[in-house]
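Visitor: The listed protein sequences derive, respectively, from chains A and B. At position 83 of the first sequence (counting the first as 1) the number is 83 in our numbering, and the numbers step up by one without a gap. Remember, our numbering sits 1000 above the position in the second sequence when you count from 1.
Just so you know, not all the hints are guaranteed correct.
DSS-like mimics (lysine-lysine), calculated; alpha carbons at most 30 Å apart, straight line [claimed, not checked]:
| hint | chain 1 | residue 1 | chain 2 | residue 2 |
| --- | --- | --- | --- | --- |
| 1 | B | LYS1023 | A | LYS414 |
| 2 | A | LYS264 | A | LYS206 |
| 3 | A | LYS389 | A | LYS260 |
| 4 | A | LYS378 | A | LYS273 |
| 5 | A | LYS206 | A | LYS260 |
| 6 | A | LYS264 | A | LYS216 |
| 7 | A | LYS378 | B | LYS1312 |
| 8 | A | LYS414 | A | LYS378 |
| 9 | A | LYS184 | B | LYS1312 |
| 10 | A | LYS184 | A | LYS216 |
| 11 | A | LYS184 | B | LYS1023 |
| 12 | A | LYS260 | A | LYS378 |
| 13 | B | LYS1278 | B | LYS1292 |
| 14 | A | LYS378 | B | LYS1327 |
| 15 | B | LYS1278 | B | LYS1312 |
| 16 | A | LYS378 | A | LYS389 |
| 17 | B | LYS1312 | A | LYS206 |
| 18 | A | LYS184 | A | LYS273 |
| 19 | A | LYS184 | A | LYS206 |
| 20 | B | LYS1327 | B | LYS1312 |
| 21 | B | LYS1278 | A | LYS389 |
If you're looking for bench data, these hints aren't it; they were derived computationally from the structure. These numbers come from a predicted model, not from an experiment.
As a plain string of letters, each chain reads:
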Amino acid sequence: MTDRNLLVGPFNRVEGDLEIRLDVKDGAVAAAYTNSPLFRGFEMMMLGKDPRDALTITPRICGICSISQSAAAAFALADAAGAEMPPQGMLVAALLHAVENMNDHITHFNLFFMPDFARPIYAGEPWHDEAVNRFTATQGSATRAAVAARAELFNIVGLLGGKWPHTLAIQPAGVTKSPSTSDKVRIQTTLRSFRRYLESELLGGKVEDFAAISTKEQLQNWTAGDAGRFLRIGQAVGLDDMGFGPGRFMSFGAYPLPGKRAFKAGVWDGGLKPLDTASITEDLSHAWMIGPDAHPTGGQTMPDEDMRDDAYSWCKAPRLAGQTIETGALARQIVDGHPLALALADHPSAWARVAGRLLEIARTQMLLEDLAAQIDPKERFMGHRDLPKNGEGAGMIEAARGALGHWTRFENGKITGYQIIAPTTWNFGPRDRNGVAGPVEAALVGAPVRDGEETPIAVQHIVRSFDPCMVCTVH
Amino acid sequence: MNILWLQASGCGGCTMSLLCAEKPDLFDTLGGAGIEFLWHPAFSEATGDEARRLLAAVESGKQPLDILCVEGAIARGPRDTGRYQMLSGTGRSMMDWVQSLAPLARHVIAVGSCAAFGGVTTAGGNPSDAVGLQFDGTHEGGILSADFRDPTGLPVINISGCPMHPDWVTETLLMLAGDALTPADLDSYARPRFFADHLVHHGCTKNEFYEYKASARELSEIGCMMEHLGCIGTQAVGDCNIRPWNGSGSCTRGGYPCIACTAPEFEEPRHTFTETPKIAGIPVGLPSDMPKAWFMALASLSKAATPDRIAKNATSDRVAIPPTLRKPKT
Ligand code: SF4
Ligand code: SF4
């Protein structure tokens, strides 16, 4: 077998632009280099603007997780103002955000991840006809059902947030729409309809039953629905033996609610540890960026117009206490301590990552229903608090793909610093100055490459298991 | 009719919004009319070398192209190289690809305000030196010249919006499939008139508050947002309040102002988005087709005549005073 170098791109069915360079030796990936080849410069755009404008501009970093960006900006400003949303405002913000994350998971599973199994390379496999029927792009029966279900679920954002993407409804002091009793019953009806979709198509069984799975064995015995299809096919093609993450997981904690987060914050590194966000740095050694490595409160964004040769991406390389770390749905569920997720933690393969996402779908449905039931139309959903002229704040939340942070500083009512680290920046960042590969770069090593393959299918599975969002990555 | 869709320097939100098409869903709407995607970065199977081969076939003329849809602005930087966005795997910039493919298509569509005018990608100092396809903000000429026309005589069709409403795209495509879109159906920014002939103000649920200048002072209050909260729905084109978003929504129904995301240069309003700039207490951006003096006279009259119900409700976060019921005649 000949050694070769491959340039993989355009890499589609991920959000945004991704290019991967592969060194292939003896039929497997020996080294991988991930490049985010699109730079827009949102952090630079923010400088000099009124801090409130972050609420309008930053959601436009990303059309697939725009509410995540919006929530991060709102919490960063609230932090700077020393304000809190009223409890019911928090609740509705969480509901809006969880609807978006749920839809991201559904979109990822049906439109981005599963279509690979319908591709001709798998013709002849015993499960291929089934995969073609369910997951062929734009035509598959699962694809169609998912597109219709997600559009309907977003009616909740239409109702509470005006539109999706790019709503301005989440503000530092609460949410702009006070739901009425009739809004509440409409939201609950929409969620019931979405549950029907989950139970009849995606999970093929009760949401509660899937959420109650606590061992890998029970998971392997779940054969119903598209979840079952994935679990079986995924094992058949060996996804359980490839695409291993660093085994360290981080979550900023999802959905701030009064006094807690619905899914906890923390770090998993063989055991649960507290998260020390002060130990975050962004390493610029292999990014087309100029300036020193820094914590985001002191970080800068200065693109290297010469695109120097020893760098290969517009993406910075974030590190927690100097180490790479994986973030995403699986990480979130591990850090939250769900028994199934913990059972998957020591074998963090591509298969485990997608299974973790399915688990989170089930749990998020239960959370959404619970949040909707708690809406009290008599309460206030917006408080009042003016932003100070000078301030500094951080908004750390969980987007569908993992930990998202906005760090802002403003003086005399103008933004003087705005730094963002998106989940995919953590997962898809390049090497650091010690030569340590980013999580996905490392996860790709060992991926099998078949003879003649230009865009190895195993590489595609592994990359897509992370559900990358490249527009967020370099923003 | 086939579509090649490229995602340039944008956020992908226009594709995401498109997927929210309802009654019927996106793939039914298009499939039923014989419209199919040659390639779309979000939902086509073909990736890497397969996608590169397809692009090459289009470029060489082997694969005829009916519609080129571009979402996102075009990065020209750094230093006019376009290297802030390389079309991955091809070694060429997106700028280069779009300039090469646009003349080969029967129609070219700029999807969203980024592709149309530059949009949010050009905000602030425009770090990536981005422009729209055939406009640079309000100015004609982007990476395609002002006199670019497709073989049927249409300019780049600008389906602006940030994002655009899904129906604006599907209806434009259906019209093109039926040869039912002519240059006369576009406004002076080349936006389809079927949505650009309306103002966001039309059908706004806050119209009664507007009539009396009964204004919300803070976000979440239900009064009109024009006087204090930056709403420019009276000047913004779009049928957002006539044709609902995501089931029943619109920006103003969500309780926050219209920022005219369908307009060129909306990203730089020269004031905070959610605050109305005023001179001596008078909002500067008055409805475009009304003389200022008339507006002021009407406003002071209507303010003086505002019923208590409307005044109270305007600064409340829900209806505080319901309409008075007519007493039955005795
Ligand atoms: S127009 Fe708005 S929604 Fe569309 S790509 Fe640009 S930023 Fe995203
Ligand atoms: S209401 Fe205004 S800001 Fe909102 S989508 Fe319509 S044109 Fe854009």
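Visitor: All the hints need checking, so say for each whether the structure fits it.
Guide: Here's how the hints hold up against the structure:
Among the hinted pairs, LYS1023 of chain B with LYS414 of chain A is inconsistent with the structure: their alpha-carbon atoms are about 45 Å apart, more than 30 Å. For the given pair, LYS264 of chain A sits about 24 Å from LYS206 of chain A by alpha-carbon distance, which is consistent with the 30 Å threshold. The suggested pairing of LYS389 of chain A with LYS260 of chain A holds, with an alpha-carbon distance near 29 Å, which does not exceed 30 Å. Taking the CA atoms of LYS378 of chain A and LYS273 of chain A, the gap is about 40 Å. The hint is violated against a cut of 30 Å.
For a cut-off of 30 Å, the pair hint linking LYS206 of chain A to LYS260 of chain A stands: about 27 Å separates their Cα positions. Between LYS264 of chain A and LYS216 of chain A the alpha-carbon distance is near 22 Å, which keeps this suggested pair within the 30 Å criterion. Our distance criterion of 30 Å between C-alpha atoms is met by LYS378 of chain A and LYS1312 of chain B, whose separation comes to about 17 Å. Taken as a hint, the LYS414 of chain A and LYS378 of chain A pair is broken in the structure, with Cα atoms around 36 Å apart against an allowance of 30 Å.
Between LYS184 of chain A and LYS1312 of chain B, the direct Cα distance comes to roughly 24 Å. Compliance with the 30 Å bound is thereby established for this hinted pair. Simply put, LYS184 of chain A and LYS216 of chain A have alpha-carbon atoms about 37 Å apart, too far for the 30 Å limit, and the pair is violated. For the suggested pair LYS184 of chain A and LYS1023 of chain B, the alpha carbons sit about 23 Å apart, so the restraint of at most 30 Å is met. Simply put, LYS260 of chain A and LYS378 of chain A have alpha-carbon atoms about 23 Å apart, close enough for the 30 Å limit, and the pair holds.
Under the criterion of a C-alpha separation no larger than 30 Å, the hint pairing LYS1278 of chain B with LYS1292 of chain B is consistent with the structure, at around 13 Å. Simply put, LYS378 of chain A and LYS1327 of chain B have alpha-carbon atoms about 29 Å apart, close enough for the 30 Å limit, and the pair holds. A distance of roughly 23 Å separates the Cα atoms of LYS1278 of chain B and LYS1312 of chain B; the hinted pair therefore holds under the 30 Å criterion. With a CA separation close to 33 Å, the supplied pair LYS378 of chain A and LYS389 of chain A exceeds the 30 Å bound.
With a C-alpha separation of about 48 Å, the suggested pairing of LYS1312 of chain B with LYS206 of chain A is violated against the 30 Å cut-off. Taken as a hint, the LYS184 of chain A and LYS273 of chain A pair is broken in the structure, with Cα atoms around 38 Å apart against an allowance of 30 Å. Straight-line distance between C-alpha atoms of LYS184 of chain A and LYS206 of chain A comes to about 24 Å, which keeps the hinted pair within the 30 Å bound. A distance of roughly 22 Å separates the Cα atoms of LYS1327 of chain B and LYS1312 of chain B; the hinted pair therefore holds under the 30 Å criterion.
The suggested pairing of LYS1278 of chain B with LYS389 of chain A holds, with an alpha-carbon distance near 20 Å, which does not exceed 30 Å.
Checked against the numbered hints listed earlier, the structure breaks hints 1, 4, 8, 10, 16, 17, 18; every other hint is satisfied.
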